[in-house]
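These protein sequence lines are chains A and B, in that order.
157 is the number that numbering that gives the first Met the number 0 gives to position 158 of the first sequence; each next residue is one higher, with no gaps.
196 is the number that numbering that gives the first Met the number 0 gives to position 197 of the second sequence; each next residue is one higher, with no gaps.
Simulated from the structure, these hints should not be mistaken for laboratory data.
Hints are not guaranteed to be accurate.
[To be verified] Below, computed lysine-lysine pairings styled on DSS-like, alpha-carbon distance capped at 30 Å:
id : chain 1 : residue 1 : chain 2 : residue 2
1  : B       : K631      : A       : K243
2  : B       : K2        : B       : K49
3  : B       : K49       : B       : K92
4  : B       : K87       : B       : K49
5  : A       : K103      : B       : K353
6  : B       : K142      : B       : K87
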Amino acid sequence: MAGLAQRLAGWSVSRPLRPVSFLKQLLRPAQEVAPVTLTQRRIYILPTRHGLVFALLLLAMLLGAINYANSMGFVLTFLLGSLAVVSILHTWRNLAQLTVSVGKRTPVFVGQEARFEICLGNTNNIPRYAIGLSVEKGSGEFTDVAPHQSACLVFSLPARQRGLLQAPSFTLFSTFPLGLFRAWSHLNLEMNCLVYPRPAPESLPLPVSEAQAGQGLRTGVGHEDFSGLRTYHSGDSLRHVAWKAVAREQGMLTKQFSGEARQEVWLDWGALPGMTAEARLSRLTRWVLDADAANQHYGLRLPGRVLAPETGTEHRRQCLEALALYGR
Amino acid sequence: MNKLAWLLAALFLAIAPHLTHMPLWVGPLCLVLGAWRFSVERRHARLPNKWLLLLLAATATAGVFSHYLTVFGRDAGVALLVVMIAFKLMEMKSLRDTMVVIFLSYFLVITGFLYSQSIPTALYLLLVVLITTVSMIGYSDVKDGLAAQPRLRLAGVLLVQAVPLMLVLFVLFPRVGPLWGLPKDAHTGMTGLSDSMSPGAISQLISSEAVAFRVDFDGPPPQRGGRYWRGPVLWDFDGRTWSTHRPLDDAPAQFTPQSAALHYTVTLEAHDQRWLFALELPVTLPPGSRAGSDFQILAQAPVRQRLRYSLASHTQYRFGLELGEKERQRALRLPAGGNVRSIELARSWRDTLKSPHAIVNQALAMFRDDTFFYTLNPPLLGQQAVDDFLFNTRRGFCEHYASSFVFLMRAAGVPARVVTGYQGGEINPLGDYLIVRQSDAHAWAEVWLAQQGWVRVDPTAAVSPARIESGIAAALPNTELPFALAQLDPTWLKRARLSWDLLNNNWNQWVLGYGQERQSRFLSRFHAMLASWQGMAVAMVTSVAALLLLIALWMLWHAPQRGKDPVRAAYLTFCSRLAHRGIARLPQEGPADFALRAMRLRPDLAAQIDLITQLYISLRYGGQRGDAGELKRAVRRFRP
């Protein structure tokens, strides 16, 4: 209740009041951090449209049984009614105790589809069948989840703006086994997808650094010769993790290699005068992609952030991330 | 594809028992449409044109109409439903259409119960429900994760869990009377005595093994020879057929019992007529019924459901000492003209013999001493039926003897009437009750004698004493008996037949006969509050809730076991602990890949993950039979 009041208070200050979206916002579940286990308080269950038709059929059968004083008519009507009631438990159990976690998220460029992967972990012995995921009104995909395994469902969403795209709230549901009842759980996970700026369409040649064009540098890190171990930093390539050391319980260590010298390029925000900020980011993004494709050492200079020249997918990722999050 | 096969099988089984009472073309039509639909699905072909279907469906509806001359009522309604389902198959596209067909399949099952509610029918239709449920599961299992056998098992589990709830509802749901009138054909196909008797009427009933009623005696049952079950009393004769145009509407006559009262309960099968049967003669009447001075008991409405009533009777009695003038005239009336020889014979008896009593004896002596035969297959009688029988054919069944005897008595001036009903019945020693079948149908006579009142005279007994003392099967030669009655029964077969009847009797009493009256009687045994519908409703809701809770608990505790393998169990515990932290193993991931991914996501746990995975792999795939203890300990320490 306190959370609701807070949200109400926050709302009235920040935004003008529009009744429909206001209500929607209120009903929207609070954002949570995955993993989330679907406990019984999170699962709702109601008859489907087929379930309502079935109820009408049962009513007709009951009236018939009463009128004809037909005992077996009563037996059948009550058996089918009980069948439907028992199916509520099965439908509910099909969804209950699933662990919802966030799967792989691949960054995308503006204009592409951002894909969100929701993984359902089944931590007990009951196989789950036909679990569906839907966003808004669209009916989504289905999956089965075997005992002690997990399975993932994907939904996608057009990426319209660079930055972090927050996933919308979604619904996990199931009508298994009879289709008469629908159990569902509404989730709003803290889950986002990084959206890189749209690369500028035309390919301009990479800018040549004014100073050290063609000059070699004795940069310390490369791929060729093993030069020692250091502690693991997040972002280090996993291929360089010393797993043997990990197994010996020495903690995570990264193998270091010394590399050769390379020509380097500076991609500089300041070198693109007379363009809007978004156009500059677009241009820089294109250059990062081109430089990476050409396997060149490149550095990125943004107002307030400088990334030293480097190569490799990790560097590319860092550069694109810096561009995506610039000013956000 | 597979789902459709199950659905078609369910429909086929639901329709099959109805085919016997539908126009001949309905069966082939259903088969053709079912096969058509199946091949459309198989070849991914298109469904037929909508207009063509509409035309065909209209033709079929017209066909149903021309057969029954209506589309309402039970028979025509069911035929129409079957035809419509068959056509619905041909335009079934969406899940919604399919669900409608599945629901109609359930509905067909309940229509099956309008025709028969016997134990075999119930078992058969339960099978149809099971298969329909399997097809319903198929349409919810969108990823086809379940094979046919697990689907069948799941449907079975659902039904088994539904049974206790169903029983509670069945016992506690308050029963009320019919809500509105029933269609005319709701109760056809019942056998029993009719309201008239012409030659051959009763011998037709003899071939039926159907049960007419069952009787529970409070004490020992009377001897077979004393078991006359009184039914319609027939006063009026037209030369061939006995009937009663206008039942007597005066109060039942007082009678003087001359033996102890017998208390018993009759469970009468529905026979769609108003009369009720009682052992001659009853002192009480079933509730809601009435009787004239001739003791023909009539219910208020035709008996269309099995009816249970308790009575007391005296087998020795004296009744009707006073005979009113109107009644006397009616009991002496003969059709004008015809049967001259019989009338002459009777008049000669009246002139030569002194008392009515002597006349009765004279007639019985004639049947006994002259060459009369008791047979199920008498020759056909001509226009002068009584003359023809008495002087030419001399072969007849009980109705021939009763009819000609009463005719002779009336012609001789002795008031007489025909009584029909049942005589005898078989004691079922297993359940200690009496079974009276249609084959026990019988006709006898009553004559009125001064100082004695109405006296029962059974001319059949004069011709064939065995019919009365031992029953129909003993009285007729084996070759004449209908197959069901033939004395082929070895003892075990007879015993099996009696056991089956006992089961049916209990089924009838407790399941099919569980109506308003029996319900309140049964429930008030437990608690007085349960006799009212409010009490029943409260008990029903409470017990349904309690049962659901039990089933839910059972489902939670009875999850399939992890298996006995300790290595696998330990590894699964490890996987579940990681899954609770959002790192669940993907179906395609082997242990090594999973460990790699987990270590990447949780570098702080990498050492433990690696150790457990190595231990698991070496125990599982390493070939040597290692000790699971180390793995178990490692998993126990693993608390992500």
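Hint check results:
1. B/K631 to A/K243: Roughly 23 Å between the alpha carbons, so the hint for B/K631 and A/K243 holds.
2. B/K2 to B/K49: Within the cut-off at roughly 24 Å; holds.
3. B/K49 to B/K92: Holds. B/K49 to B/K92 sits at ~12 Å (cutoff 30 Å).
4. B/K87 to B/K49: Answer holds: B/K87 to B/K49 is near 11 Å, not above 30 Å.
5. A/K103 to B/K353: violated, 118 Å
6. B/K142 to B/K87: holds, 25 Å
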